[in-house]
Structures are given as C-alpha cells and as structure tokens.
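Asks: Listed here are the chains, written in short residue letters.
Number of protein chains: 2
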Amino acid sequence: MTDQLSRVFAALADPTRRDMVARLTEADHTVNDLAAPYDVSLQAVSKHLKVLEDAGLVTRTREAQRRPVHLEAEVFDLMTKWIERYRRQAEERYARLDAVLARMQDDEDATHTGTTTDQQTGTAS
Amino acid sequence: MTDQLSRVFAALADPTRRDMVARLTEADHTVNDLAAPYDVSLQAVSKHLKVLEDAGLVTRTREAQRRPVHLEAEVFDLMTKWIERYRRQAEERYARLDAVLARMQDDEDATHTGTTTDQQTGTAS
DNA sequence: TGCGTTGTCAACCATTTGGTTGACAATCCT
DNA sequence: AGGATTGTCAACCAAATGGTTGACAACGCA
Numbered sequence: 001m002t003d004q005l006s007r008v009f010a011a012l013a014d015p016t017r018r019d020m021v022a023r024l025t026e027a028d029h030t031v032n033d034l035a036a037p038y039d040v041s042l043q044a045v046s047k048h049l050k051v052l053e054d055a056g057l058v059t060r061t062r063e064a065q066r067r068p069v070h071l072e073a074e075v076f077d078l079m080t081k082w083i084e085r086y087r088r089q090a091e092e093r094y095a096r097l098d099a100v101l102a103r104m105q106d107d108e109d110a111t112h113t114g115t116t117t118d119q120q121t122g123t124a125s
Numbered sequence: 001m002t003d004q005l006s007r008v009f010a011a012l013a014d015p016t017r018r019d020m021v022a023r024l025t026e027a028d029h030t031v032n033d034l035a036a037p038y039d040v041s042l043q044a045v046s047k048h049l050k051v052l053e054d055a056g057l058v059t060r061t062r063e064a065q066r067r068p069v070h071l072e073a074e075v076f077d078l079m080t081k082w083i084e085r086y087r088r089q090a091e092e093r094y095a096r097l098d099a100v101l102a103r104m105q106d107d108e109d110a111t112h113t114g115t116t117t118d119q120q121t122g123t124a125s
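Residue numbers (the UniProt record's numbering), protein chains in the order written: chain A, 1 to 125; chain B, 1 to 125.
Hints should not be assumed to be uniformly reliable.
Same chains, same label: a pair holds when it works inside one copy or across any pair of copies.
Using 20 Å as the maximum straight-line C-alpha spacing, the simulated SDA-like pairs for lysine to any residue come out as follows [unchecked claim]:
| id | residue 1 | residue 2 |
| --- | --- | --- |
| 1 | 81 | 16 |
| 2 | 50 | 13 |
| 3 | 81 | 23 |
| 4 | 47 | 70 |
| 5 | 50 | 6 |
| 6 | 81 | 15 |
| 7 | 81 | 5 |
| 8 | 50 | 27 |
| 9 | 47 | 68 |
| 10 | 50 | 39 |
| 11 | 81 | 26 |
| 12 | 81 | 19 |
| 13 | 81 | 91 |
| 14 | 47 | 37 |
| 15 | 50 | 10 |
| 16 | 47 | 67 |
It is worth saying that the hints were derived from the structure and are not from the lab.
Kindly produce the complete structure, drawing on both the sequences and the hints.
Replies: Written out as structure tokens, the structure reads:
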C-alpha cells in the first residue's frame, strides 16, 4: 500500500483516527490533549498520529516538550477528486442507460401504435 | 471496524479494489471479467468483491452460473458528506484565524499611527 | 447423464495492524 | 543538578488482511 491515496483512505478507515481529524478541524492539539477522550495508552495515540502523518493528513512541529499536531486539510482534495471522478462517471453511465431504456420504450410504444413504419433500430450509440 | 463508513474507507484503501470500482463505473462485470487484468487467483478477486459488498459499494445478483457485479454509487455520498463536512469546518477555522491575524495587524497599525485612541479590544466574536 | 464453465467456501500462511508495557529522550521548573 | 511533564521507540501479542491451493456447488450444453 505505497501510494498516498491508499494511505489516506486507510488512515480514515479507523473511527478513532477519524475522530481525531474531526477534532483537529477545530484547533491544533497536543498529543496528550488528543489522547484524553480515548481509553487507550498514549503510545497507541502516538501510533495513530504516525499513521495520519504518513498519509499527509497531519504535521507535527515542536514547541518545548510539546508537539502540537496540525491538520493538513488539502489532502482531503485527493480523495474528493477520486470519488467525484468515478461518481460522475457512474452517473453518466446511468444517464446513458436511462436514455437507452427510454428509447426502447419509445420503440415499444411505436410498435404498438404503429405510427413509425420505417424505423431504424440500429444499436450504434 | 463495524460502522459502514469505516468499511467503505477500508475497502477503497486497496488499489486493486479501487481499480475494480473504477471499471464498474463503466459497466457491470462478471467475476472472471473483473479478475482478468490482475495477476492473482480468482479466489482472491472473489474476496475483494466480498469486501466491496460488505461495504455496500457493490451488489451481486444471479444470472445462470454468472454473478454480475453492480456498483452502488450512492455509497460514495457517505464519504463525500464526511469529508466535505470536516473540510468546510477546517476552512472556516482558517478563515477565523486569518480574521484574527488581520485584526491584530490592524491594531498594530493603529498603535503605530495613533489614530484610534479609545479602542475596544474585547475578544468576543 | 456427464462435462465444462463460473464462482464460492475452507484451510492454511505471511504480513500488517492496533493494542500493550517498559525504557528513555527532551524540555521546563526549582 | 534533579524532578516532573510530554512524547517516542522497541519488543511483544492477538486479530485482521491478502494471498495461496483444494474441494465443491450451480448451471448450461452435448
């Protein structure tokens, strides 16, 4: 799983990490700060942060003994682009399908009513 | 990882599965059909499809011995909603931060020029 | 009925993941 | 210098993941 897009999806597949990201949209937080709501060790939280950092979702700077965690929201765009691209493609496909079905219905109607006697029924799009 | 959103993110964290989804936006495919481009066993592909199905991204119907796989694109909305919500929140936060910084700069300027003598510096937003 | 095609299920294996505890590094405070 | 706070690194463990092979079920075709 080497590419960034995979790392971003994988990072957000964990509810704890999603919750951290959600909280980081409000403000930067220290590690202890972030760990507070969860019933796991500080080390576990540190690992989660490493996953988020490797995905590029978060950066960690220094500030005395503290290491403030900062959200890098631009990475969201990577996902949004992928999702939107294929959703659009899927929707276009459904639109084409609808058109085909509509045309078949038209043909049906025409056949029944006998209005179009010299119809072309070629399948070329 | 019980919730659907986690399952969807996890499902798309794998490049092979993302590629399958991409191909399914073009047309439904049989399992053999889907497996063709990848250098793995048919069973492995079947497992990938199970992951996609459990995430609600795909449905499998019957058609003789064949099991056509169909993309359920609406599930994308689940992710899009989550992503957009927190991206918007992050952007709003940056906007507030920019406003604060701008205001501080104004105060700086005012102090230097001495134009505003009776300024209110309350922090209420 | 028997054969080929299409796909799933079960068992197994190596690697990754998410958690633990213990040691320790880095910095502030006195 | 010495103690408290904040966080990481390393070793370990159980469960999940992604792959394999072998057996077999469901259906079409001859």
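Asks: Can you tell me if residue 81 and residue 16 fall within 20 Å by alpha carbon in one copy, between copies, both or neither?
Replies: Between copies only: 18 Å across, 24 Å inside.
Asks: Can you give me the call for residue 81 and residue 26, within, between, both or neither, at a CA distance of at most 20 Å?
Replies: Intra 24 Å, inter 18 Å, cutoff 20 Å: inter-copy only.
Asks: Within, between, both or neither: how does the pair residue 81, residue 5 come out at a Cα-Cα threshold of 20 Å?
Replies: This pair counts as both: shortest intra-copy Cα distance 10 Å, inter-copy 18 Å.
Asks: Should residue 50 paired with residue 27 be assigned to within, between, both, or neither, using CA atoms and 20 Å as the limit?
Replies: Within one copy only: 19 Å inside a chain, 38 Å across chains, cut-off 20 Å.
Asks: Can you tell me if residue 50 and residue 39 fall within 20 Å by alpha carbon in one copy, between copies, both or neither?
Replies: within (18 Å within a copy, 32 Å between copies)
Asks: Classify it for me, residue 50 with residue 6: is the Cα-Cα distance of at most 20 Å met within a copy, between copies, both or neither?
Replies: both (15 Å within a copy, 19 Å between copies)
Asks: For residue 47 and residue 68, with the copy left unspecified, which applies at a CA distance of at most 20 Å: within, between, both, or neither?
Replies: Intra 15 Å, inter 41 Å, cutoff 20 Å: intra-copy only.
Asks: Tell me, please, which holds for residue 81 and residue 19 at an alpha-carbon limit of 20 Å: within, between, both or neither?
Replies: Between copies, since 15 Å is at most 20 Å while 22 Å is not.
Asks: State whether the alpha carbon distance between residue 47 and residue 67 is at most 20 Å within one copy, between copies, both, or neither.
Replies: Answer is within; shortest intra-copy Cα gap is 14 Å, inter-copy 41 Å.
Asks: How do residue 81 and residue 15 come out at 20 Å by Cα distance, when the copy is not named: within, between, both, or neither?
Replies: Between copies, since 15 Å is at most 20 Å while 22 Å is not.
Asks: At most 20 Å between C-alpha atoms: does residue 50 with residue 13 qualify within a copy, between copies, both, or neither?
Replies: both (15 Å within a copy, 17 Å between copies)
Asks: For residue 50 and residue 10, with the copy left unspecified, which applies at a CA distance of at most 20 Å: within, between, both, or neither?
Replies: Classified as both; 13 Å inside a copy, 18 Å across copies.
Figure legend: structure checked against the earlier numbered hints; every hint is met.
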